[in-house]
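The task is simple: from the sequences and hints, build the whole structure.
The chain contents come next:
There are 2 protein chains.
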Amino acid sequence: MTENLKKTRENIVFIGGKPFINYVTGVVMQFTTNNAVKVIIKSRGKFIGKAVDVAEIARRKFLADKNISVEDVKIGSEKFENKEGKSINVSTMEIILKRNP
Amino acid sequence: MTENLKKTRENIVFIGGKPFINYVTGVVMQFTTNNAVKVIIKSRGKFIGKAVDVAEIARRKFLADKNISVEDVKIGSEKFENKEGKSINVSTMEIILKRNP
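Chains A and B, in that order, give the protein sequences. Each residue of the first sequence is one higher than the one before, counting from 608 in our numbering. Each residue of the second sequence is one higher than the one before, counting from 608 in our numbering.
Honestly, the hints are just simulated from the structure, not real lab data. Since the model is a prediction, treat every value here as computed from it, not as a measurement. Incorrect hints may appear among the rest.
Because identical chains share one entry, a pair is satisfied inside a single copy or across any pair of copies.
As the list claims (entries may be wrong) - With a straight-line cut-off of 30 Å between C-alpha atoms, the simulated BS3-like cross-links for lysine-lysine are:
no.	residue 1	residue 2
1	Lys668	Lys690
2	Lys705	Lys653
3	Lys705	Lys625
4	Lys645	Lys690
5	Lys705	Lys690
6	Lys673	Lys690
7	Lys705	Lys649
8	Lys673	Lys645
9	Lys645	Lys693
Printed below as a string of structure tokens:
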């Protein structure tokens with residue numbers, strides 16, 4: 608059970624304002640150290656472009672020998688309230704990377 | 608034949624540095640004025656986030672009554688030479704929007 612819980616939580620990488628390489632390392636470590644089969648890269652708004660870069664660099668440069676493919680890319684929108692209490696929309700993206708046998 | 612040629616070419620919207628609303632209008636007009644069944648939104652590098660915004664705003668705000676879905680999202684990389692003649696990689700994305708019957 609602990610194993611499942613761990614897998615569910617740790618296979619998601621949220622892209623934010625930290626240095627680019629941190630997220631690449633995060634994705635790579637999921638597939639290597641943690642032996643994950645799937646890793647989901649989540650992003651919103653201005654971090655969407657960075658998320659694609661992370662997926663591509665991790666896959667093509669650091670995991671080139673691991674046979675990782677892009678299983679799916681989902682885009683959507685989320686409503687949230689800004690500081691002024693105004694409801695605004697932000698685009699969201701999920702990139703699902705999968706290790707092939 | 609002319610009709611086919613027109614459709615093939617004009618169903619692609621390339622996202623660049625013009626104002627956001629220009630691209631939204633471009634996508635919306637494909638589905639309305641041009642009666643397109645599919646529209647492909649192409650982007651590279653820093654314009655990838657903008658492309659997702661264009662797809663989402665066009666679909667949810669301007670085409671809400673048209674039953675447009677995201678058929679597929681593809682990500683990849685492209686090599687190109689910068690001004691100094693150095694080969695660099697850039698992330699690419701294609702969002703395929705489709706009108707459902």
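To see whether the hints hold, each was checked on the structure:
Taking the shortest alpha-carbon separations for lysine 668 and lysine 690, only the inter-copy value of 23 Å comes in at or below 30 Å, while the best intra-copy value is 39 Å. Taking the shortest alpha-carbon separations for lysine 705 and lysine 653, both the intra-copy value of 25 Å and the inter-copy value of 25 Å come in at or below 30 Å. Taking the shortest Cα distances, lysine 705 and lysine 625 sit within 30 Å of each other inside one copy (24 Å), while across copies they are farther apart (35 Å). Proximity of lysine 645 and lysine 690 under a CA criterion of 30 Å is satisfied in neither setting, with 35 Å inside one chain copy and 38 Å between copies.
Taking the shortest Cα distances, lysine 705 and lysine 690 never come within 30 Å of each other, neither inside one copy (37 Å) nor across copies (36 Å). Taking identical chains as interchangeable, the C-alpha atoms of lysine 673 and lysine 690 are never at most 30 Å apart, the minima being 43 Å within one chain and 33 Å between chains. With identical chains, the CA atoms of lysine 705 and lysine 649 are at most 30 Å apart both within one copy (14 Å) and between copies (24 Å). Taking the shortest alpha-carbon separations for lysine 673 and lysine 645, only the intra-copy value of 12 Å comes in at or below 30 Å, while the best inter-copy value is 34 Å.
In the homo-oligomer, the alpha carbons of lysine 645 and lysine 693 never lie at most 30 Å apart, since the shortest distance is 36 Å inside one protomer and 34 Å across protomers.
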